[in-house]
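Student: Work out the full structure, taking the sequences as your base and the hints as a guide.
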Amino acid sequence: MSGAHPTAGPLRDRRPRLAGLILAGLATLPLLGALGADSYVLLLVTRVMIFAVAAISLDLILGYGAMVSFGHAAFMGIGAYAVGILATHGIEDLLAQAGVAILVSAGFAALTGAVSLRTKGVHFIMITLAFGQMAFFLAVSLAAYGGDDGLTIARRSTVLGAEWLGNATIFYYLVLAVLAATLLACRALVAARFGRVLRGTRENPVRMQAIGFEPFRYQLTAYVISGAICGLSGVLIANQTNFISPAYMAWQRSGELIVMVVLGGMGTLIGPLIGALAYLLIEEWLAGITEHWKMIFGPLLILVVLHARGGLVGAITRITGGRHG
Amino acid sequence: MAEDILILDRLRKAYGGLVVTEDVSLAIRRDELHAVIGPNGAGKTTLIHQISGLTPSDSGRVLLDGADITALSLAARTRRGLARSFQITSILPGFPVLENVALAVQARAGSSFRFLGTAADEPALNAEARAMLDIVGLGARADLPAGLLSHGEKRQLELAISLATRPRILLLDEPLAGMGHEEGQAIVALLRRLRGRYTILLVEHDMDAVFSLADRISVLVSGRVIATGAPAEIRANPAVRAAYLGEEEAA
Ligand SMILES: Nc1ncnc2c1ncn2[C@@H]1O[C@H](COP(=O)(O)OP(=O)(O)OP(=O)(O)O)[C@@H](O)[C@H]1O
Ligand SMILES: [Mg+2]
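Those sequence lines, one after another, are chains W and E. Residue numbers for the first sequence follow this note's numbering, so the first one is 1 and each next one is one higher. Residue numbers for the second sequence follow this note's numbering, so the first one is 1 and each next one is one higher.
Read the hints as simulated data drawn from the structure, not as lab findings.
Here are some, though not all, of the chain E residues that point toward chain W, as calculated from beta-carbon distances under 8 Å:
| id | residue |
| --- | --- |
| 1 | Leu74 |
| 2 | Ala75 |
| 3 | Arg79 |
| 4 | Ser90 |
| 5 | Leu92 |
| 6 | Phe95 |
| 7 | Gln106 |
| 8 | Leu116 |
Listed below are several chain W residues computed to face chain E (Cβ distance under 8 Å; list not exhaustive):
| id | residue |
| --- | --- |
| 9 | Leu189 |
| 10 | Ala191 |
| 11 | Arg193 |
| 12 | Phe194 |
| 13 | Arg196 |
| 14 | Val197 |
| 15 | Glu203 |
| 16 | Val206 |
| 17 | Arg207 |
| 18 | Ala210 |
The beta carbon of each residue, even a glycine, is placed where N, CA and C say it ideally should be.
Tutor: Printed below as a string of structure tokens:
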């Protein structure tokens, strides 16, 4: 997890092309007639894209800011609960729900980030884990919204009063649009002045201070942006499953997000998308073969992380003849 | 008073029971090259840390152009015009040489809370960074990843980064450390060119360089300044000879 960062210097390489290819593939998937509107594949890929948004948001701080947040699932949970709680009170409009989800996630990130960023290394991991667990137990304690058992949401969010999102294909394209927007926005951000400060701080925080930057301000801002994006992914997952529960915020979920980022290749943005795809597909496949799938999956992940430097993206660029990695 | 750009007022730092600097008072004059010499472990690096704000002082004050900056962070002091280099080279090895310097320009050129536009392509930042690289003689290496530079070139880069902050005073911690003779000569020539245009506080073990470059020299022994004066005075000072120079000659 340390050492060579594939994006440390210039950002000009072939990864934008890889991202374009993958997005184009995702955009054509529903057009393949054989799938049918409510197909299992479409649902699975929708889920992959939602987790990809969450994983990309984590990559922004983990890969570009060297901030190993072990409580990122909390933001996804906050987004999901925003949908569930508002829907319970009759507010079903997607934009209203997303707005609340983003604001609350950003607020939670600002508060917890301001505290967590006073620490470094293992302490940062532990304190973000603690805040994540705090959110988890808060959700458990919400008896009015299902407590431990969670809460079923009657129907998907509405757009201008219309129930478009009930259509699996429309929902699929909404999620794809959010994914594409997230990728583009994060790509712009890391190349911009702000991102350059973030990347510089990842490499050498003391040098950055010795040219006049206060790393804390930039790291906290990145943390808040990351939390807000992850909260948005929670809005989507609640809509896909029509169900919310504290399990969304469990530390295992945070761990899964880290694995997606590292597996796909951290500090690459497209890596987490590939990581989410690989993780969820392998999980699905192994779970179909044996109920002890985790015993195979765990070692498999460790192998990839140890052997494919730069994750799957690193492997892909090496195979396709990239000079990077 | 107006002559003195940097004033250290009774600075002290201890690590547990180990007192590293004690009662250090110094006045650095504008545009002078002021060398600080002293044996290994005398507290020179610690003093630079205290002046730059990397390490807080236990007591004492640091005044820059008359303003008390003791409570300011390293970054805030840098923005006030205090630039420093490190005894162990401190650069961004994964960034191109040019971007290492351009970031220092960016730090004082408007807000860095910009989320659009490729920073690496900003012509104004790059032009100024290139000028700094030319000053230190690294112009031809601008596009190389900084981590691939030779040791000596990394030290030159660090100087270019420091210059790019537009400092009022440069704090240099052994810029010649670990260099071969030729590389060292290049740095000495560079320091000679910067001399008079910048105020420089130079910590250095290379006595030839120190005595040929410095306007004044302070001698730090066991955390205390035992003498300050022109090179000739320092050379003739019996206390210095006993505590420091004599030791070198004997070795
Ligand atoms: N963080 C620290 N914790 C404990 N002791 C320290 C620390 N930093 C420095 N020291 C001690 O303080 C003393 C002075 O160290 P310093 O690095 O300032 O000396 P120096 O004059 O720069 O030496 P050199 O010429 O070898 O660079 C040394 O004995 C060192 O071991
Ligand atoms: Mg030293």
